[in-house]
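A.B. asks: Letter by letter, the chains look like this.
Number of protein chains: 2
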Amino acid sequence: MRIKKKEAIAKLDKITAIVLKRGFFWPTAEIYGGKAGFYSYGHLGKAMKQKFEQLWRSHFFSNCKNYYEIEPSSILPEQVFIASGHLEHFNDPLIECKTCHFRFRADQFIEDNLKIKAEELTTEEMSNLIRKNKLKCPKCNSWHLSEVKWFNMMFPITLGAAGVKDLAHLTPETAQASYLAFKREFEATRKKLPLGIAIIGKAFRNEISPRQLFFRLREFTQAELQIFFDPDEINKLEKEEWKEISKYRLIMLPQKEKKVKEISCEETNKKLKLPKLYVKNMVLVQKFYLEKLKIPKNMFRFRELSEKEKAFYNKIHWDIELNLETIGGFKEVAGIHYRTDHDLLGHEKHSKQNLHVFWNNKKFIPHVLELSFGVDRNIWALMDLFYKEEKERTLFSFPLTVSPIDIAVFPLVNRESMPEKAKEVYNLLKQDFSCFYDETDSIGRRYRRQDEIGTPYCITIDNQTSKDNSVTIRELNSMEQKRVKIGTLLVELKNLK
Amino acid sequence: MRIKKKEAIAKLDKITAIVLKRGFFWPTAEIYGGKAGFYSYGHLGKAMKQKFEQLWRSHFFSNCKNYYEIEPSSILPEQVFIASGHLEHFNDPLIECKTCHFRFRADQFIEDNLKIKAEELTTEEMSNLIRKNKLKCPKCNSWHLSEVKWFNMMFPITLGAAGVKDLAHLTPETAQASYLAFKREFEATRKKLPLGIAIIGKAFRNEISPRQLFFRLREFTQAELQIFFDPDEINKLEKEEWKEISKYRLIMLPQKEKKVKEISCEETNKKLKLPKLYVKNMVLVQKFYLEKLKIPKNMFRFRELSEKEKAFYNKIHWDIELNLETIGGFKEVAGIHYRTDHDLLGHEKHSKQNLHVFWNNKKFIPHVLELSFGVDRNIWALMDLFYKEEKERTLFSFPLTVSPIDIAVFPLVNRESMPEKAKEVYNLLKQDFSCFYDETDSIGRRYRRQDEIGTPYCITIDNQTSKDNSVTIRELNSMEQKRVKIGTLLVELKNLK
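Taken in sequence, the protein lines are chains A and B. Residue 1 is where the first sequence starts when you use the working numbering, and the numbers rise one by one after that. Residue 1 is where the second sequence starts when you use the working numbering, and the numbers rise one by one after that.
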């Protein structure tokens, strides 16, 4: 499925051109030249992002009545990150050119130059590799490079005018705020497990050298769900619930395998030893991608992380990867992390608050299963996966679930009461759909404009409309048209949802 | 309408207790003691905030087809704030105790101690007043205080590992990002005026001493709409449009008046010299508060700011104030600002990008009318205004437009197939409403729990349901119950929307 690098760059350029021109997104503060790692959503990108987030909510919340969304601050006091370990461990390897003082990421530098994976190396190993291979500064070509050292990736914030005493940080992941909220939410929702706390919000990471567009941003949106549960129940599921999914086949790339395999939930549980609660959430995630986002099966996989790759507190960690030509193949867009009681235990210790619960006749600290999604990455993935070039048009073949606009309404010509009728239709539909009205230029050009931004349906009011009150619905992918009476239009379209 | 201070504090305490217990909001990182100026929304607060934001969108966007929402970064490069003037002017007066090194806001210090308005004083005037009146440090009682000096209220951010060269700031208002986006959005939306760009997003201000709960936060949500228009059309409105509103009466407190008056749009335009575009948006804002949020008329007013109070770039500036007992009377919750071409002009100058447009056969920089809302303040205002104590219950008498939950569904007792029937009803309604199912405790206690969080309707499945398929709808304020067939329930409830 891989396309060549040249083609990938051409595709990237074409998508970028549409994205900028039509108002999906652009570099933040572009009129000042932008800043690496910062993007802003224009009106089409925002509409798409909102739809994605709404879809995410409704899909994952349907799973359990005891799931809730909260909205915390982005700035959290330093104590939080002492407890979570971010202050000590959330670092990237930094190297500095002693000649031109350019600073950059040592692991990426090694990967680019030596074509080996460097993510898991120690600073010492990296320094040695750089010395041994006589790598030179990418800016000034000097050999005079510093040792590799760790650089903390959080953005520090000083509160008030009190100086260094009142320190805080922009949160590098939304998850921490859910752990801080756990006690309050557990009590407010009447002390039941499992309890799900979701946050869709900003996270901030001071990347040394941000790159790969939406894949290494300094400010980005996460959609994360923390499921707090009784660890004794991790492999227990209602019989009916398990029966329903046990034959369902997951698309998996375990560490030991070289190729993706489809493995039933039953096998995943028995042979791969993944607990039923974990498997159930894998099913939910896979269905989100295949059924809701309509991602082609061969573009999707779960990948098991190696011991070295995964964070020490994650007992089980599989990433969700999509095959993205513009980014160079399969890339992480989400992850399912069994974080055990690591986080609540840390916060209990540092805050000296009791975070134990009483449930199932025992006192314990709940364990956490985390579903974590990078929203911007997913938006980019949709642009990449649904982009198509045809003879006469370029299009995003978006499903209705993620398209920025649902329906465009056109009068065929700008006379004979067609615009009035078209506005009537527009008003009829706008309560239930996001609609766009357009009467400028030829009908062909209007179709092309909607194709280019991936509008699934275009409705045209023509000569026949005044005779029999019918309109045409034109479908994005097939370009096929169908004639429908205005009286049944709304029902017809709702059925497509 | 004012209540005594003691009663106000009692009311504040009672609301705060409910808010914490039920999961509306709480101090951020509360388990670490919290941080002044930071609050987090729990699940009920988040639901309410989301509803408020959706209502805001649909209300203000209904006004014009050329209004769009975008989502920018919160971190913007320093150049933006050089151009906007924030780096130079966005300051608060700071004073430091030379004995104990406590730092605090000089204007608030003077206001609290001398009971005079200090907002408009110069640092010199403040220093003199403090000296003359021999004010003492509020912490250690020392007379040894520093001169008053300006303190910049933005949070600075250093990007990457490059040191001081790559500076940015957390945005202190969402508005700036709309000006940065103007050129892209104008082009993407086919170069038409008026163009509206809306942002609902976070803003950050490093308040020296945050206080008054949701009224002086360090991290808060703004909902802002920037309307870009041709300044020659500021007093031109379609005849029909003007006719429709010209008799509508605005609730106004002009600078010259001591009491609030109701003034028709006609008069506002002719006597107060407010241009028609401005007046039209005042109508829209007043209708939002009175008709959508159902704020009692006597709790609402527009207040004109004095020359000294308003920012120098605002040619016209009226605040929207609500009468909030818990905060001490009428307080600003929103504002309508005619910012002229100040912002785009500044960004054109500093970015050296051409921000002129061609429209109405001329080239010019569009002017801006800004509708600016503090979302958190409005949420608090709703809690304050709708809080009620009755003999047997406390309640928030929220309208359906802002209540965290729309409908609660109860089986009268936990047997005789009532729970099954109740779940059927719950499933019937949950597509169109946010619903909550509860079968625990007596029906009376269940009603009280919903009253306390302001759920407008409770539906109960009882003995009669199995006989004639009817249920009761109980209304929050009147506590009146009405019997309705399940078959017509959905239509009945939709009509209440």
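None of these hints come from the bench; they were simulated from the model. Where hints are given, some of them may not hold.
[Stated by the list, open to error] A short, non-exhaustive set of chain B residues, derived as facing chain A with CB atoms under 8 Å:
hint	residue
1	Y32
2	F38
3	N66
4	E69
5	I70
6	I75
7	V80
8	D107
9	L159
10	R184
11	T189
12	G346
13	H347
[Claimed, not checked] Have a look at the derived ranges for each label pair, beta carbon to beta carbon:
hint	chain 1	residue 1	chain 2	residue 2	range
14	A	R393	B	E119	55 to 65 Å
15	A	R393	B	S306	26 to 36 Å
16	A	E240	B	E291	33 to 43 Å
17	B	E119	A	Q50	34 to 44 Å
18	B	E424	A	D232	25 to 35 Å
19	B	E7	A	E240	50 to 60 Å
20	A	I443	B	Q353	33 to 43 Å
21	B	K423	A	K497	46 to 56 Å
22	A	Q353	B	E475	55 to 65 Å
23	B	N360	A	A17	49 to 59 Å
24	A	T394	B	S306	27 to 37 Å
25	A	S264	B	E424	30 to 40 Å
26	A	R393	B	N360	50 to 60 Å
27	A	K362	B	K14	27 to 37 Å
[Claimed, not checked] Result set (SDA-like, lysine to any residue): computed pairs, CA atoms no more than 20 Å apart in a straight line:
hint	chain 1	residue 1	chain 2	residue 2
28	A	K494	B	E244
29	A	K423	B	L490
30	A	K165	B	E207
31	A	K315	A	E120
32	B	K165	A	Y67
33	A	K65	B	N427
34	B	K202	A	G160
35	A	K202	B	P27
36	B	K423	A	F358
37	A	K165	B	M153
38	A	K239	A	R249
39	B	K485	B	S466
40	B	K165	A	K191
For glycine and all other residues, C-beta sits at the position ideal for the given N, C-alpha and C.
A.B. asks: Assess, step by step, whether the Cα of K315 (chain A) is no farther than 20 Å from the Cα of E120 (chain A), and give holds or violated.
C.D. replies: holds, 18 Å
A.B. asks: For the pair supplied as a hint, K423 (chain B) and F358 (chain A), is the alpha-carbon distance within the 20 Å limit?
C.D. replies: Distance of about 28 Å is beyond 20 Å: violated.
A.B. asks: Identify whether the interface hint at G346 (chain B) stands, where standing means a beta carbon of chain A within less than 8 Å of its own.
C.D. replies: At about 12 Å, which exceeds the 8 Å cut-off, the nearest Cβ of chain A leaves the hint on G346 (chain B) violated.
A.B. asks: Take the C-alpha atoms of K165 (chain B) and K191 (chain A), compute the straight-line distance between them, and say whether it is at most 20 Å.
C.D. replies: Outside the cut-off at roughly 50 Å; violated.
A.B. asks: Minimum Cβ distance from R184 (chain B) to chain A below 8 Å?
C.D. replies: holds, 6 Å
A.B. asks: Evaluate the given range 30 to 40 Å for the C-beta pair formed by S264 (chain A) and E424 (chain B).
C.D. replies: This hint holds: roughly 33 Å between Cβ atoms.
A.B. asks: Is 50 to 60 Å a correct range for the gap between the Cβ atoms of E7 (chain B) and E240 (chain A)?
C.D. replies: Given about 55 Å between the Cβ atoms, the range holds.
A.B. asks: Verify the CB-CB distance for K362 (chain A) and K14 (chain B) against the hinted window 27 to 37 Å.
C.D. replies: holds, 36 Å
A.B. asks: Holds or violated: the hint that V80 (chain B) contacts chain A, with Cβ atoms closer than 8 Å.
C.D. replies: Given a least distance of 6 Å, the restraint on V80 (chain B) holds.
A.B. asks: Does F38 (chain B) meet its interface restraint, that is, does its C-beta lie within less than 8 Å of any C-beta in chain A?
C.D. replies: holds, 5 Å
A.B. asks: Minimum Cβ distance from N66 (chain B) to chain A below 8 Å?
C.D. replies: This hint is violated: N66 (chain B) lies away from chain A, its Cβ roughly 10 Å from the closest one there, beyond 8 Å.
A.B. asks: So the hint says 55 to 65 Å: do the beta-carbon atoms of Q353 (chain A) and E475 (chain B) match that?
C.D. replies: At 40 Å between Cβs, range violated.
When held up to the earlier numbered hints, the structure conflicts with 3, 8, 12, 15, 16, 21, 22, 23, 24, 26, 28, 29, 32, 36 and 40 and fits the remainder.
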